[in-house]
Amino acid sequence: AFKAAVLIQQWYRRYVARLEMRRRCTWRIFQSIEYACEQDQIKLHNFFSYLIDHFTPSSSKERDFISRMFVSGESFKEAELEKYCDYESMEVPDSYTGPRLSFPLLPDHATALLEAFKQKQQLHARYVLNLLHETRKHLKQLPNISHVSTCYSEEVTVCGDLHGQLDDLFLIFYKNGLPSPSKSYVFNGDFVDRGKQSLEILIVLFTFLLIYPKEVHLNRGNHEDHMVNLRYGFCAGLITMSRVHGKKILKMIQNVFCWLPLATLIDQKVLIIHGGISDTTDLDMLEKIHRNKFISVLRGKKRKESNRNVEVQEINGESKVEADPAGNEAAPSLPPQPQPDQAPSMANRLEFSRWVRQTVQEQIEWCRRLVDISESEEEELTCSSVVSLTDLDGPCWTRQEEWKQILDILWSDPMPQEGCRVNTVRGGGCYFGPDVTGKILEKYNLQFLIRSHECKQEGYEFCHNRKVLTIFSASNYYEIGSNRGAYVKLGPDLIPHFVQYQANKMAHTLTMTQRQGFPVALISRVEESAFRALREKLFAHTSALTSALKAYDKDNTGRITLSNWATAVESVLHLGLPWRMLRPQLVRSTADGMLEYKSWLDDLAVEQRSQEHVQSSLLEVIYRNRSNLETIFRIIDRDHSGLISFEEFHQTWKLFSSHMNIELTDDGINDLVRSIDFNKDGNIDFNEFLEAFRLVKQSQ
1 AFKAAVLIQQ WYRRYVARLE MRRRCTWRIF QSIEYACEQD QIKLHNFFSY LIDHFTPSSS
61 KERDFISRMF VSGESFKEAE LEKYCDYESM EVPDSYTGPR LSFPLLPDHA TALLEAFKQK
121 QQLHARYVLN LLHETRKHLK QLPNISHVST CYSEEVTVCG DLHGQLDDLF LIFYKNGLPS
181 PSKSYVFNGD FVDRGKQSLE ILIVLFTFLL IYPKEVHLNR GNHEDHMVNL RYGFCAGLIT
241 MSRVHGKKIL KMIQNVFCWL PLATLIDQKV LIIHGGISDT TDLDMLEKIH RNKFISVLRG
301 KKRKESNRNV EVQEINGESK VEADPAGNEA APSLPPQPQP DQAPSMANRL EFSRWVRQTV
361 QEQIEWCRRL VDISESEEEE LTCSSVVSLT DLDGPCWTRQ EEWKQILDIL WSDPMPQEGC
421 RVNTVRGGGC YFGPDVTGKI LEKYNLQFLI RSHECKQEGY EFCHNRKVLT IFSASNYYEI
481 GSNRGAYVKL GPDLIPHFVQ YQANKMAHTL TMTQRQGFPV ALISRVEESA FRALREKLFA
541 HTSALTSALK AYDKDNTGRI TLSNWATAVE SVLHLGLPWR MLRPQLVRST ADGMLEYKSW
601 LDDLAVEQRS QEHVQSSLLE VIYRNRSNLE TIFRIIDRDH SGLISFEEFH QTWKLFSSHM
661 NIELTDDGIN DLVRSIDFNK DGNIDFNEFL EAFRLVKQSQ
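The sequence shown begins at 1 in UniProt numbering and counts up one residue at a time.
Certain hints may be false.
[Stated by the list, open to error] DMTMM-like mimics (lysine to aspartate or glutamate), calculated; alpha carbons at most 20 Å apart, straight line:
1) Lys489 / Glu215
2) Lys269 / Asp282
3) Lys183 / Glu155
4) Lys118 / Asp167
5) Lys137 / Glu88
6) Lys214 / Asp282
7) Lys467 / Asp413
8) Lys467 / Asp279
9) Lys439 / Asp279
10) Lys293 / Glu461
11) Lys598 / Glu570
12) Lys537 / Asp602
13) Lys175 / Glu458
14) Lys183 / Asp108
15) Lys537 / Glu570
16) Lys598 / Asp555
17) Lys175 / Glu134
18) Lys269 / Glu401
19) Lys288 / Glu401
20) Lys598 / Asp671
21) Lys404 / Asp282
22) Lys137 / Asp86
23) Lys550 / Asp603
24) Lys247 / Glu88
25) Lys489 / Glu528
26) Lys175 / Glu155
27) Lys140 / Asp86
28) Lys196 / Glu115
29) Lys467 / Glu442
30) Lys443 / Asp555
31) Lys83 / Glu134
32) Lys214 / Glu287
33) Lys550 / Glu528
34) Lys137 / Glu82
35) Lys537 / Asp603
36) Lys598 / Glu536
37) Lys140 / Glu402
38) Lys443 / Asp282
39) Lys120 / Asp108
Keep in mind the hints are simulated off the structure, nothing from the lab.
Remember, it's a predicted structure, so these values are computed and weren't measured experimentally.
Whenever a hint applies, use it, and build me the whole structure from the sequences.
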C-alpha cells in the first residue's frame with residue numbers, strides 16, 4: 001500500500017509538472033507574439049515619422065494634410081472642439097429606451113448605466129458626448145500626479161489593465177463594492193483596445209469619476225493613445241458601433257485621453273504608474289509637464305523638436321540657417337526677425353506708448369509668418385506647432401526630454417538584471433533593474449511601486465525584492481482560461497491584499513463532474529489557441545524561413561537537424577521562444593532526428609490556405625502585413641469614415657513617392673486611385689485597399 005501511494009504521488013507530481021510546463025510554454029507564445037505586434041506598431045509609426053521628417057510640403061494643402069495626419073487632435077482649439085462635438089444640437093428620439101443622463105450626475109445614474117450595459121443596451125451619442133465634455137472639464141483641473149490618502153477612506157483599491165472587458169469590471173464591483181465616499185479606486189490605465197466593450201468601460205469609469213471626484217482616480221496607460229487605438233480595435237469598433245456620431249465621439253475621447261493624469265501617489269509612499277520607470281525618471285518634471293501636448297506618445301518627435309530649436313533660436317535672435325558643408329541645398333530661410341527702431345524718450349509718454357504698440361505688433365506678425373498663420377486666422381499659437389512665449393519663462397526642458405519621461409512611465413517593464421536599457425522587446429520605453437527601482441524609491445522616499453502593463457498568469461506579481469508590484473485586471477486576456485485577473489487593496493498600513501478572479505461564464509454552466517476536468521480542458525484549449533497563432537506567425541514568414549533553413553542544408557538534401565531548425569526559426573521570428581521544447585507541437589517526429597523542412601513548410605501552407613484558393617506566397621504576404629495595412633489605412637482615413645477619399649489617397653501617395661524618389665504626375669495618381677476603386681463609388685474601402693495590395697503582389 002505504501003509503494004502504491006508513493007507511485008501514485010510520483011505519477012501525480014509528474015502530471016502536474018507537465019501541465020505547468022505546457023501552461024508556461026503557452027504563456028510564452030502568447031506574450032512573445034503580443035510584444036512582436038507592439039514592435040511592428042512602433043516600427044510602422046517610426047516609418048511614417050521618417051517620411052514626415054523628410055517631406056517638404058509644396059503647398060498649404062499638403063501642409064494641412066500632414067498636420068491632419070499626425071497632429072489633428074492637437075490642432076483643435078477649445079471653441080472648435082466644442083462646436084464640432086456639439087451634443088446640445090442632438091435630439092434623442094422617443095423610441096430610445098436606454099439610460100438617460102442629466103448633470104450633475106448622481107449615484108442613481110451610475111446604477112442605471114450598469115444595469116443597462118448588463119442588458120446589452122447602448123447609451124445615446126448625445127449623452128456620451130455630454131459625459132465626455134464634462135469629464136474633460138474635470139480632468140483639465142487635475143494635476144499630472146494625483147494624490148490619494150487612506151485617512152479619508154478605509155482602503156484604496158488599485159485595478160490594472162481592463163482592455164475593454166466589461167465583465168471583469170462588473171466582477172470587481174460585485175466583489176469589492178461600487179465606488180463611494182468610503183471606497184476609493186485607482187484605475188491604472190489601458191481601459192480600451194482588444195476587448196469589445198471599451199466604450200462602455202470608459203462611460204462607467206468617467207461616470208463614477210464625476211460622481212466621486214475625490215474617490216475615483218484614473219491614470220493614463222499606453223493604450224490611451226490615438227495611434228495605438230488605430231491598430232488594436234478601439235477606433236474601428238467605435239466607428240462601427242456609431243456610424244453617425246462615431247467620429248465626434250472618437251475625436252472627443254482622443255482629447256480626453258491626453259488630459260488623463262500620469263501617476264497617482266498614495267500617502268506619499270506608494271507610486272502608481274502604468275508602465276514603469278527609467279534611470280532618468282524625474283517626478284518633479286512629470287508634475288510640471290503640459291501633459292495635454294502629447295495626444296500620442298508614438299507620434300514623430302524629431303520634426304517637432306527640430307522646429308522647437310529653430311523657433312527658440314529665432315526668438316533669441318540666433319539664425320542657424322546656413323549652407324550645408326556637403327554642398328546640399330540650404331533649408332528655406334525663415335522670415336527675418338524685425339529689429340525695433342530706436343526707443344523714443346519716455347518723457348513723451350504718448351510717443352513712447354505708440355512705439356511699444358508698434359513693436360509688439362511687429363513681433364506678433366513675425367511669429368505668425370514663422371508658423372504660416374495668416375492674419376485672417378484668429379487662432380492662438382499652440383504648443384503643437386510653436387513654442388509659446390510663456391513656455392520660455394518656465395523650466396528649460398526640451399520637448400524630447402518631456403516626451404521621454406512620459407514614454408518611459410507608459411511603456412517600460414522591470415527586469416531582474418541590474419541597470420536600465422532600451423526595451424527592444426516592446427519597441428518602446430526601457431527595461432529597469434532593481435538598482436534603478438531602489439534609487440527612485442530612495443530619492444522620493446517611497447515604499448514600493450505599483451504598475452500594470454503586463455499580463456500575469458495569477459493577475460499579479462512581485463519583483464525587485466517586493467518593491468515593484470504588477471497588477472493586471474483583465475482575466476482570460478489571451479484566451480479563456482489563460483490567466484486570472486486581480487486587484488489589490490491598500491489600507492493605512494499600506495500592506496497589499498490581493499483578490500483574484502476569473503470572469504468566465506462558461507465555468508458557471510459546468511456540472512461537478514465537468515469541473516473536475518475543467519483545468520485540463522482549459523489548458524488544452526488555451527494551448528491549441530496559442531499554437532494556432534504561432535503557426536500563423538510561422539506561415540507569415542515562409543519566404544524568410546525557407547532561406548534560413550536552406551542555409552543549413554549545404555548538400556541540398558531537403559533535410560536538416562532539429563537543432564538547426566530551432567536556430568533558424570528563432571533567427572527569423574526573434575520571439576525568444578524555447579523552440580526545442582515546442583518542437584513536438586510544430587514538427588512531426590522523425591526517426592533519425594532529421595527534418596524534411598520543405599514538407600514542413602508545405603504543411604503550414606495547407607493549414608493556413610483559405611477557401612479562396614489564394615496561392616501560398618500571396619497569402620503569406622497578406623498574413624504578414626494585414627495588421628500593418630489596416631493601420632496604414634486608418635492613418636490615411638483621417639475622418640474615420642471607413643473610406644479613403646481620393647484626396648486623402650492623393651496626398652498620401654505624394655508623401656510615399658517623395659520618399660521613394662518616384663516621379664508621378666497628378667494625372668498618374670488619379671489613374672492609380674481610380675483603378676483601386678473597384679466599385680466606382682468615389683472612395684476606397686479597406687477590402688478594396690487590401691485587394692489592390694493582393695493584385696500588385698500577385699502581378700509581381
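**Study point:** Contradicted hints - numbers only
**Key:** Numbers 6, 10, 17, 18, 20, 25, 30, 33 - these are the hints that the structure violates, sorted from lowest upward.
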